[in-house]
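Residue numbers (this note's numbering): 215 to 432.
Hints listed in this document are in silico derivations from the structure and should not be mistaken for laboratory results.
Every residue gets a Cβ at the ideal spot worked out from N, C-alpha and C, and that includes glycine.
Check before you lean on any hint, since a few could be wrong.
[To be verified] Ranges between beta-carbon positions, derived for each pair:
(1) Ile232 - Glu263: 19 to 29 angstroms
(2) Arg269 - Arg398: 48 to 58 angstroms
(3) Phe240 - Thr347: 20 to 30 angstroms
(4) Asp329 - Arg428: 29 to 39 angstroms
(5) Ile232 - Arg339: 40 to 50 angstroms
(6) Gln397 - Gln264: 12 to 22 angstroms
(7) Arg258 - Gly383: 18 to 28 angstroms
(8) Gln264 - Phe240: 20 to 30 angstroms
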Amino acid sequence: MTTDVILGLLWRSFWQTIWMTGAAGFLSLIIGLPLGLALVATSRGGIAEQGAINRVLGILVDGFRAVPFIILLIALIPLTRLIVGTALGTTAAIVPLTIAAIPYYARVAEVSLRDVDRGLIDAVRAMGGNRWTIVREVLIPEAMPGIVAGFTVTMVTLIGASAMAGTIGGGGLGDLAIRYGYQRYETSVMIAVVIILIILVWGMQWLGDRLANRLDRR
């Protein structure tokens, strides 16, 4: 292949990867963070203690986390077809990526939320604050550095998972590496994909660390 063709394929695959990870990351944030809050709130001593609900949520979250992503990709093909209309392509890959990322990020966010000083929660309660006030004024602001750091780790994990999605025709850099770098023995394509993925991961981690440090009140 000519250099122009390789560059064109890399450019297209790069933006496919950005689309997959960006969409899945956004959905994991808006669903996973409330799920993490629910796990903390309904736990023993939480602001809305509900042992039965907490156990059910924990089982569901850990159940999905226990399934290897490659198996989840295949198992969710019927659901992906139902939602997107096809099991192939970049948009279709967003479905399994999101479902894999939500429970992962929920647990990561839960850890950060549990680290919030219990004294601050009790102080807001003593002043008549309700559950929503505690979440809005204490839990989220105090845990924000950890929430951002956890989201960064989730995005880095999604970049790797999006490359794996290429094994079933998910598009992106992983698909390019498999179809050209592996199956057609185009070593230059494989090397280029690896370098781009390393740069993506490094850039994402750097941005996340910078933002988390800015939000840290300690």
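query: Which of the stated hints cannot be reconciled with the structure, identified by number in ascending sequence?
result: Violated hints (numbers, rising): 1, 4, 6, 7; every other hint is consistent with the structure.
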